[in-house]
Structure formats: C-alpha cells, structure tokens
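Asks: The lines below spell out each chain.
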Amino acid sequence: MATCPRSAIREQNMTWYAFYGALEQGFVYGLLVLGVYLTFRVLDFPDLTVDGSLPLGAAVSSVAITAGINPYLSLLMAMGAGFLAGMVTGILNTKFKILHLLASILTMIALYSINIRIMGKPNLTLLGTDTVLDSVSNLGLPPHMSAPLLFACFCAVAVVALVWFLHTELGLTLLATGDNAQMITAQGVNTHTVIIFGVGLSNALAALSGALVAQNQGAADVNMGVGTIVAGLASVIVGETLFGCRSVARAMIAAILGSVAYRLAIALALGLKLGSFSFTPSDLNLITAILVIAALVSPQLKSRFRK
Amino acid sequence: MKRIILSLVVTMLCLVPVMASAAGKVISVSQFVEHPALDAVLKGTQDYFRDNKLDVTFNVHNAQANMATTVQIAAQIMGEQPDLVIAIATPSAQACAQKIHGTPILATAVTDHVGAGLVKSMEHPGGNVSGTSDMLPVARQLDLIREFHPGIKTLGVIYNSGEANSVTLVKLLKDACDAAGIKLEEATVLNSAGIYQAAKSLVGRAEAIFLPTDNTVISALESVVKVCRQNKLPLYAADNDSVERGTIAALAFDYYKLGYQTGAMAKRILFDGADVSTMPVESLQELSLHVNLKAAEAMGVTVPESVLSRAEKVIK
Amino acid sequence: MLVLDNITKYFNRGTINEVLALNNLNLTVNEGDFITVIGSNGAGKSTTLTCVAGGFKPDTGAIRINNEDITDWPEYRRAAFIGRVFQDPLKGTCASASIEQNMALALKRGKPRGLSKGVKDKDRPWFREQLATLGLGLENRLKDTAGLLSGGQRQALTMLMATMVRPDILLLDEHTAALDPKTANQILELTHTIVETQHLTTLMVTHNMHQALTFGNRLIMLDRGEVILDVAGEEKKNLTVDNLLQRFYALRGEAMGSDRLLLG
Chain V
1 MATCPRSAIR
11 EQNMTWYAFY
21 GALEQGFVYG
31 LLVLGVYLTF
41 RVLDFPDLTV
51 DGSLPLGAAV
61 SSVAITAGIN
71 PYLSLLMAMG
81 AGFLAGMVTG
91 ILNTKFKILH
101 LLASILTMIA
111 LYSINIRIMG
121 KPNLTLLGTD
131 TVLDSVSNLG
141 LPPHMSAPLL
151 FACFCAVAVV
161 ALVWFLHTEL
171 GLTLLATGDN
181 AQMITAQGVN
191 THTVIIFGVG
201 LSNALAALSG
211 ALVAQNQGAA
221 DVNMGVGTIV
231 AGLASVIVGE
241 TLFGCRSVAR
251 AMIAAILGSV
261 AYRLAIALAL
271 GLKLGSFSFT
281 PSDLNLITAI
291 LVIAALVSPQ
301 LKSRFRK
Chain Z
1 MKRIILSLVV
11 TMLCLVPVMA
21 SAAGKVISVS
31 QFVEHPALDA
41 VLKGTQDYFR
51 DNKLDVTFNV
61 HNAQANMATT
71 VQIAAQIMGE
81 QPDLVIAIAT
91 PSAQACAQKI
101 HGTPILATAV
111 TDHVGAGLVK
121 SMEHPGGNVS
131 GTSDMLPVAR
141 QLDLIREFHP
151 GIKTLGVIYN
161 SGEANSVTLV
171 KLLKDACDAA
181 GIKLEEATVL
191 NSAGIYQAAK
201 SLVGRAEAIF
211 LPTDNTVISA
221 LESVVKVCRQ
231 NKLPLYAADN
241 DSVERGTIAA
251 LAFDYYKLGY
261 QTGAMAKRIL
271 FDGADVSTMP
281 VESLQELSLH
291 VNLKAAEAMG
301 VTVPESVLSR
311 AEKVIK
Chain S
1 MLVLDNITKY
11 FNRGTINEVL
21 ALNNLNLTVN
31 EGDFITVIGS
41 NGAGKSTTLT
51 CVAGGFKPDT
61 GAIRINNEDI
71 TDWPEYRRAA
81 FIGRVFQDPL
91 KGTCASASIE
101 QNMALALKRG
111 KPRGLSKGVK
121 DKDRPWFREQ
131 LATLGLGLEN
141 RLKDTAGLLS
151 GGQRQALTML
161 MATMVRPDIL
171 LLDEHTAALD
181 PKTANQILEL
191 THTIVETQHL
201 TTLMVTHNMH
211 QALTFGNRLI
221 MLDRGEVILD
231 VAGEEKKNLT
241 VDNLLQRFYA
251 LRGEAMGSDR
261 LLLG
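Note that the protein sequences, when read in sequence, are chains V, Z and S.
Going by the working numbering, 33 is the number at position 33 of the first sequence; the sequence numbering is gapless.
Going by the working numbering, 267 is the number at position 267 of the second sequence; the sequence numbering is gapless.
Going by the working numbering, 195 is the number at position 195 of the third sequence; the sequence numbering is gapless.
These are computed hints drawn from the structure, not numbers from a lab.
Covered, in the sense of this in silico footprint (three residues per stretch, anywhere, with C-beta under 8 Å from a C-beta of chain S), are these stretches of chain V:
hint, segment
1, 176 to 182
2, 185 to 199
The following label-pair restraints were derived from C-beta to C-beta distances:
hint, chain 1, residue 1, chain 2, residue 2, range
3, Z, Arg-140, V, Ser-113, 27 to 37 Å
4, V, Leu-99, Z, Asp-143, 51 to 61 Å
5, Z, Val-314, V, Met-145, 57 to 67 Å
6, Z, Ser-219, V, Leu-99, 26 to 36 Å
7, V, Ile-98, Z, Arg-205, 31 to 41 Å
8, V, Val-160, S, Lys-122, 17 to 27 Å
9, V, Ser-113, Z, Arg-205, 16 to 26 Å
Short derived list, chain Z residues pointing at chain V, Cβ under 10 Å:
hint, residue
10, Asn-66
11, Gln-72
12, Ile-73
13, Gln-76
14, Ile-77
15, Met-78
16, Glu-80
17, Thr-90
18, Ala-93
19, Cys-96
20, Ala-116
21, Val-129
Backbone N, C-alpha and C fix where the C-beta goes; we use that ideal spot for every residue, glycine too.
Working from the sequences, and respecting the hints, build out all of it.
Replies: Written out as structure tokens, the structure is:
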C-alpha cells in the first residue's frame, strides 16, 4: 500500500534489459572511443574536440533525417562534418601553433553555438522518424537486443577498416607521427598534414557515434556532448588494462570492449545495493574516477604480488 | 584470454533475475535532474495516490542531467516491466518514448510535447505517450507585467539558448510582445557564470526584465536580483520560488499541482482502463500569483491594488 | 653540389639570450666529399647541419643543392635528398613500430605514400639482406618493436634507414657521441663502409679530433659561426692534433676548446 521512493522488493543487481542496455551504450559510444584512442594514443594529441563533434554529428544527422534524407546517408554527412571539425583543431595546432589542448577546447566551444545553429534550436526530436535502427527491427529480435547487435556491427566494420588503414603506407605515417615526429619528418613526411588528417578522422568517428546516439535516444540535444571525453578516456584506459594493447588491432578491440566494460560497470554500480546505500547517477564522476584509478593501479599491484 | 573469461563470469554472476512481486501496480519514474520544480512534480504524483489510498509502488530513477544515463534508465525500466512509466522533463521523456513501446508513458514537466516528438497532437496523442505540459501562458504573464507598467515599450528576457523549453517560451513571448507593440530585448547565456553580465547588459535597454522557467537562470537568480536592485530595474519571474528569492511577482504554475494532476491521469490509466493514446495532453488552468512587496520597494515599483487583491501570497 | 651562401642566423633575436649562431657562413661541398666538422662548443656545428636539413630558416643567405635553391623549402621536403643520423640514438627510429615497419617508412623517403600495404612481402627479403650487413642479428627480428633494441642497435638501424634510399647528402650529427666506446667504434666502421660503398657525400660533425683526422677527405673547423679552417686531400692526411691546435691559436689568438675536444 505504501508509495515508497524505491521498491523494497527489487532484489536484482542488473536485469537482462539493463545488461543489453549497457552493451548498446558500450558499442554505440565504442566508435567514439576508437576516435579517442586514435588521438590520445596513436597521435599523442590530447583532443577535447569530441565534446563538440559528438553533438555535431547528432545535429547534422538529425537535420538530414528530418529533411527526408536516408538515415545511412545522414551518417556519412555526420562523419564529414566531424572530419571538418577535427581539421579545424588540427589546423589551429599546426599552422597557428596553438597548443593542442587549447586548440581542441576552442573548437569544442565554437561547436556549441554552431550546433544550435544547425538544428535551429537546442533540441531536435527524432521520435517517429526513420532511423538506422529500423533496418534491424525486422530481424525478429526484440529491439533491446537488435540495437546492440547493430552497433556492434558498426564497431566491427570500423575496427577492421582502421586496422587495415593503419597498416598501409599512409597509416604507418600516422603511427610514426605520434611516436617520433622528428624521425618521420626526416623521412619526408609532412607531420602537419598527418595531424590534421588524423584529428579529422578521430572526430569523424566521434560524429558518427553522435549520430547513432541521437537516432538511438530519439533526439539530438546540444548538451549531449558534455563529459564525452572523460567517458572516452576512461573506456580506453579500462580497455587497455583489461585486454592489453600489444598490437594495434588488439588495442582497438580493447578500446571497444573497454567502452562496453565501462558502461557495464556503471550499470552495475547504479543497480548496486549495500544495505540502504546505493549509487545514484550523480556519483557517475566518482565511479568513473575509481574505475580509471583501479585500472591504472592494478598492474602495479599485480607485479607486487608476484614478487 | 584468462582475463576475458574472468570478466564474462563476473558479469554473468551479476545477472540475477528480477523478483518483481509487487502486490499492487508498479510505476517506474525517469526524472531528468534534481530540481525543486521537478521534485515537486514527483511528490505531487505520489501524494495523489497516497491521498486516494491506492496501492502503487514507485521505482524512481534520476539521470542527474546526463543524457546517456536517460537511455540506460529506459533500459532499466524495461526490465522492471512496470504498469506505467512517468517521465519527468523532455530528455528523459524522449529516451523513454524511443525505447519503451508497450507500456503507457506519461511525460510531465515538458513544455512542448508536439515539438519534442512525443505526441502527434495535444488532443490526440496517438501513441503510447501522453502527459501534462508546463507550457507557460506567456500572454497572461505579459498582461501581468503590463498591469504593473501600463505603457511599457521594451521588455528584457534572460535565458539559456541551450534549453529547448526556454527557446520555445521566448519565441512565444516574442509573438505576444509583437502583438502588444512591445520590443523584446534578449540576453542569452550559456551557463550560470554569464548571468550577471547578461543582466547588466539589459540595464538601460529594457524597462523591466522577465525570467522564464529556465533552469540555468533560475539557479543563479540572486545575481540578477542584485543587478535589478542596484539599477532599479523591475524583475518578474514565472515560478513562485523566485518571488521568495527576490523578484517582484510571478504568475506561475504550482508544480506540485501539476504532479497531482499527472497522478490523476495515471490513476485513470491504471485503474479505470483509460487508453493513453486518446488522452489529451493536459495543462494546469489555475495559476497562482505571488507578490514580494520588499522587492517591489527595492526596485522602485508600486504594486497596483488590483494585483494585491488577487495575490495568493504576499511577501512583506 | 651543396652550397651554403652567406648564411647568418640569430637565435632569440632582440632578447637577453640573443646569440649569433651562424655568421656569414660559406661552404661549398663537392660531390663525393666526406667532410668532418669540428669546433668548440657553440661553434655552430650542429646548427650548420640543422640549417642544411631545414630545421630553421636562415636570417640571410641561401642554400642550394645541385643548383636548386632550397632555402625556403620545409624540412620534410628536403628530406627527399637528405639522410640524417642524430646524436640521440633513439631519435632516428620509432620505438613503437617494428623493425620492418621502420625500414618500410625509410624506404618511402621522398616518394609519395599511398594506401598500399605498409610493409610489403616482397620487401622483406631485401630488409633481411640489409640488416645482415650490420652483423647484429637483427635480420631475424624483423617483427620486434624497435623499442626493444639497445641504443647502439637503434643507431645502426638509423644509419641503414638514412641510406636505404640513396641520399644526395648524408648528415651525421655527432652520431657516436652518446654511445659507449665499443659500440661507437662499430657505428664508425659501419659509417665508413656505407659511405665508401655508396660513394655518399657526407658531412660528419664530431667532437673527437682523432676521428676527424682519421675519417674523410676534408676537414673544416668552425668557430663562432664561421668556417675558419678548411683542409683537404694530402694536407689533411698529414695533419696532427697539435697542428690543429696551433693553427687555431694562430687564427683566433686563444687556445681552442674543451678537454672533451682534445681528449675525447
């Protein structure tokens, strides 16, 4: 009879729905995490632009879909926009000699206003429109399972494409630029071009992620990018710790799985009950920090135990 | 390899099936952020059921203003398999509407249900979503301001251009001002840090300032009050809390009553077999007028007798 | 084939730290020259090499390679005909890339890069051949990351990479200074072999006067950004360390350099 704020009868830590929900979030943001891996680890370029390019992708895709354009085509458009945003950061850093961190923050700030301009308002709804999720809804799987499957496919394609690219002549220059810019310059490569391209590619991935997130959650909102880089970094680090990073291919798969692990950990924490204590979503930042610390410290602890 | 297997095992161990053996009906709530108005809505809804002695269990989830969390909460709610979902504020409502299709959803504290894509029209929602709207009757608030300042020619407004509700309201306000021959001076902010500047920028440009129900501005109301007191610039708001905090007057919703009304709609769906797709989106008709005499005096404004007599609450 | 024409370069111009690094430097390098460059600290030896490579733009003057004016060319563009080995043995290779990837990168120096496979199967046997000449066993470790190698091994690899694609000019900037004596000798031997076999035009900066006298057909001495001594051929063969010191005193009216220079 009582109307209690939390059901006293709920015993579970995580339902299958919540599990699939975490998978879904893990994979859809996994594309973003690939982008973060590309800048932070491969190019050694701290890039905060993604906080702006994720909603940029969402904005472009939503406006396109609302205008009647095919949702898959809107994804390509979103990627193009993200690439341009990344290029701006790259140009600010290489041609105008602005510190990479600062350059990315500048682009991110500018994108906030640009995104509102693109959408015409701060929130653009996609409810009731055709999205890429419709293409898997006929597979016979319930929607909460088909969405993670679709996003997992996107991730798989992205990983394969990126691994292939990083093993080409051009791709090798990306690896080299992030590792030893002086060396690759002495081998005839214009590192400016490489950085501009690399940061562009990373943000194209972030924008693709944003476009899919918007189609998944039913709206593009100008505030949806806040905290993206933190989640992305946490995912990269968790992935590296759990799954290793010995080869490029392995590191990329680790990034995606790290994204999934991160969202699972959050879902777990949100469902956790220790007596009367439970985490609330406002503890998200704290949980993220604890996760990353645990991930970074565990190798050290392990080696100490071995001794 | 070992690590991967270990991780999978740990994950599997956490998946314990739901033991949802609620005796009565279950309502799952997805609230976007903790905020006095939104909290009041929830309380109003819960009190409706308590006052009517109805057996209902509430599962409350709060996204703490994180968009990604709204989607995960929607997934969590699907696992709870409630009889009804209540979504408080637009982002939570959109996430629920996108993910939950079999269960009725009541979206409340949403300003524009049609614009948010939640319903086809206010009279005939058409899907599994209905609810209550907190759309301000801007025309009536403009009338109140004109009661204080009969010949007013320019009105200032401060809002966060990133809040969809505010953008919608300001557009409506502009239309109302145009119809009344008043010039609307807009000052936008991106976050609470810019509010002081925005308020100062309106000094000399506007004869009075109106603040819509904008989360960002209301959270930093004190800085606007300070500027208005210093420059004898009359300040009006659209929520009653703000009158306590220093605006001259407000013709506002009582969010608690909005919640109560939502509870009534929920009851009709849960216990009277109402069909959510044919329930029109409702809004509160009765508004409450609060006046703050001290603030009026500090800003050099005399409160008209007609206003004082109608006021539900007068702060001295 | 390389001409440095009246090069002047100030660093930190207009500040307290202003220094005149190169002072109307003139140098003509002929095809096939193996020039050793010596001088005391701050004389401008490394600066000269960096200037040729394109690390900075000179304030005045011009640089020409094969009569082409490359003064305005950025570093990466000049790399097409320049091979470089740095003093820091870690600077010439990518630690996180494998040996074969490093070599593949060097193989494409000066050529446009596309989307074909970075390390091609058909190149591997040739890579092994090249690595075998080093005598370090690296030919069996193609897939090892360069970061696993010692400083000496990495410097040897850098030498190989600098000359895999024949450079018009090879710049060696004290490339044995950071190595232990045994490894340093190995690298010097390697240098000698490569330069002789490929008839490379070379500029080798060294702090070691003994090295400077033993190697190469020509020796130049820099002091305060200028070339003050330039000997070649027979004259160079007959030079001794004492000669050099005397001639420096005669030119500059003061004793030359550091202990490192004399005893190194």
